[in-house]
Amino acid sequence: MGYEISASSRTAIIITFAIYTLGMIAIGLYSKKTMDKTAVDKYVDEFYTGGRGMGAIVVAMMVAAGLCSAGTFLGGPGLGYSVGLTWVLAGFSQIFMNFTVFGEIGKKVGIVARRINAQSYVDLFVSRYNSNKFIGVFAILAVMMFLGSYVVAQFVGGARLFESMTGLSYTLGLVLFAGLVLVTAALGGIKGVAAAIVFQGIIMTVSVIMLFILTLSHLGPLTSVYKEIISIDPSVVTPWTWSPMYQFSMWIVYGLVWIGLPHGAMATLTYKDTKSMHKAIIMGVLFVLVWTLALIWTGSLGRAMFPDLEVPDQIIPSIAMKVLPPWLAGLTLAGVAGAIQSTVGSMVIIISSTFVKNAYQSMINPKADSKKLKKVTVMSTVAICIAIFILSINPPNALQFMITFAVGGLGSAFFWPLLLGIYWKRTNEYGAAAGMVGGMVTYILGAGNYLPIAMGMNAVVVALFVSLLLTVSISLATPKPPKGIIMIWFGKYYPKEVLSK
Amino acid sequence: MKKEEFYETNYSLDEIEMDPRFIICEKEMKLVFGVQIIFTLVSIIAAYLLGSGDPNNYSYILGLPTWWFAIIVISVIFTGVVIYITKFKLVDMELSDEVENDDLAVK
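Protein chains in written order, with this note's numbering: chain G, 1 to 501; chain X, 502 to 608.
Bear in mind the hints are in silico, worked out from the structure with no lab data behind them.
Since we're looking at a predicted model, the values are computed, not measured.
Hints are supplied without guarantee of correctness; some may be wrong.
[Claimed, not checked] Facing chain X, a subset of chain G residues (Cβ under 7 Å, in silico):
| # | residue |
| --- | --- |
| 1 | 10 |
| 2 | 85 |
| 3 | 100 |
| 4 | 103 |
| 5 | 107 |
| 6 | 230 |
| 7 | 238 |
| 8 | 248 |
| 9 | 281 |
| 10 | 285 |
| 11 | 484 |
| 12 | 487 |
| 13 | 491 |
For every residue, glycine included, the Cβ atom is placed at its ideal position computed from N, Cα and C.
With the hints as extra help, turn the sequences into a complete structure.
Pasting the structure below:
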């Protein structure tokens, strides 16, 4: 541990965190009130996509805070600390995530989602790929298993941090982290999560800026700080610690392939109009720029304060304890909690929408009426939160495997089948299925070092290449996709009556 | 449209009249990709050229190693570019079909 905490500091931290927690509960209850007023037949629409009426700030935060998780607050600065500025450079590739997500697919998904009434990420694949059973099941399993395990990892990280900063128990931390998400997600659906995300985004921004400014003033003149860090370990200050090829591959991973991640693409289903989408890009870019610059950079400067930290992920909390007054350090804990909970909140909604819309409604009980669907929606969201909570108390070893591959695996599997499906008419279900499986398998083989195929780069790059090759070649070798589908996804005119059935 | 026609696979892709909005979407997608790739290349080339050599001999601008200072300047400039493109190059469009296409949809 990089820091020692006195009892009075702990009290201040706990009070700050308690205020944040109360704020979250208030938001959850308020959203429940809004959802209670929603008519039964509109409930599922409202629950998963907010009736497609989300404004700019909400959508901006859904992408930005939804994608920036514990990684941006703990893991990223940790790597900035241990690997150094070359990692910080790679981190900069993510600052335009709102621009790439909305710019790559935002408007087209916005239009098509209204045509097909898409409520989940998987709905897009099901519609474009001719309701292919294999693609449906593969996508459902991939989203639920990978995102589910990712959520557990986030909770575990959050609860451990809570434990070390407040001195209270891990389980209590878990209850506060998971319980709050349960309240907001299960009661308020995407609207509850969205309201919470805006609140969390503001907390994150305030805590990050305070931390950054006070760290710089604590350190003094930067030239001598860097000279000192160079004398400790020069590799921390040069980009050449990573080869240019590896650096390039990291920029592909963190810059271009966000749409392969369901929690990034989800916002394209919810925004109200293109004006708010454009505003969301600008706001999102500014927020992510501030978070990335301040946090990961602060992490790398931490070398001058703590030359030999045992657990690099502890660098931001360690710095917070050293340079901030205790109540502000508590705000940093709230900021990390916000980053974790905003990501988890959107993931819970996605897992729930995937289960309810794609597994329950399309496969298990297609005849369910809106009253029944409302019940299933609420119950399965609660059940998902409980299952995740139980897994987080004592995470099984098998889960580690899934967590390791979650983000890269999803990105490698879904990126090309989604992008090509949206912009290349010829893509069909056979090509997409091959591309999904091929991308995911290649990624796991490469990233897990089962086969030496990564060629000195992040394994996502070779996985994307394989996925592209398979999607295109298998599509070309098999028949064209059905005419009606291409009319819906590309045409000016399309068969509405088929859709309404 | 009949069910058989919906599932027809023997047709020409070009016979489907594209929605003009989708043509704009595709152009914007390429523009966004282009900007992100240029940002990637400029940042990496600047970092690895300016940051070569022994860190002990680095020069500094405003307290930062020159290459790192350059990266921050580049990021801020591209943020400006992205905001400019979003404000002035990306097109506003109607997302629902209800208004103009309702009576034209294939019956």
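* **Status of the hint placing residue 491(G) at chain X (closest C-beta pair under 7 Å)** => holds, 5 Å
* Any CB of chain X closer than 7 Å to the CB of residue 107(G)? -> holds, 5 Å
* To do: Go through the hint on residue 248(G) and say holds or violated, using the shortest Cβ distance to chain X against 7 Å.
  => Check passed: Cβ of residue 248(G) comes within 6 Å of chain X, closer than 7 Å.
* Double-check residue 484(G) for me: the hint is only fine if its C-beta lies closer than 7 Å to a C-beta in chain X. => This interface hint holds because 3 Å falls under the 7 Å limit.
* Asked: Against chain X, with CB atoms and a cut of 7 Å, does the hint on residue 285(G) hold up?
  -> Holds: closest Cβ of chain X sits about 6 Å from residue 285(G), inside 7 Å.
* Close enough to count: is the Cβ of residue 100(G) nearer than 7 Å to one in chain X? -> holds, 6 Å
* Asked: Given residue 281(G) as an interface hint, is the shortest Cβ-Cβ distance to chain X below 7 Å?
  -> holds, 5 Å
* Asked: Would the stated hint for residue 10(G) survive a check requiring a Cβ distance to chain X of less than 7 Å?
  -> Given a least distance of 35 Å, the restraint on residue 10(G) is violated.
* Asked: Is the hint on residue 85(G) kept, meaning its closest Cβ partner in chain X is under 7 Å away?
  -> Result: holds, 6 Å to nearest chain X Cβ.
* Does residue 238(G) pass the interface hint, meaning its C-beta sits closer than 7 Å to a C-beta of chain X? -> Hint on residue 238(G): holds, closest Cβ of chain X at ~5 Å, below 7 Å.
* To do: Mind checking the CB of residue 230(G) against every CB in chain X and telling me if the closest is under 7 Å?
  => At about 5 Å, which falls below the 7 Å cut-off, the nearest Cβ of chain X leaves the hint on residue 230(G) intact, so it holds.
* Is the hint on residue 103(G) kept, meaning its closest Cβ partner in chain X is under 7 Å away? -> With a closest approach of 3 Å, the residue 103(G) hint holds.
Violated hint for the displayed structure: number 1, the only one.
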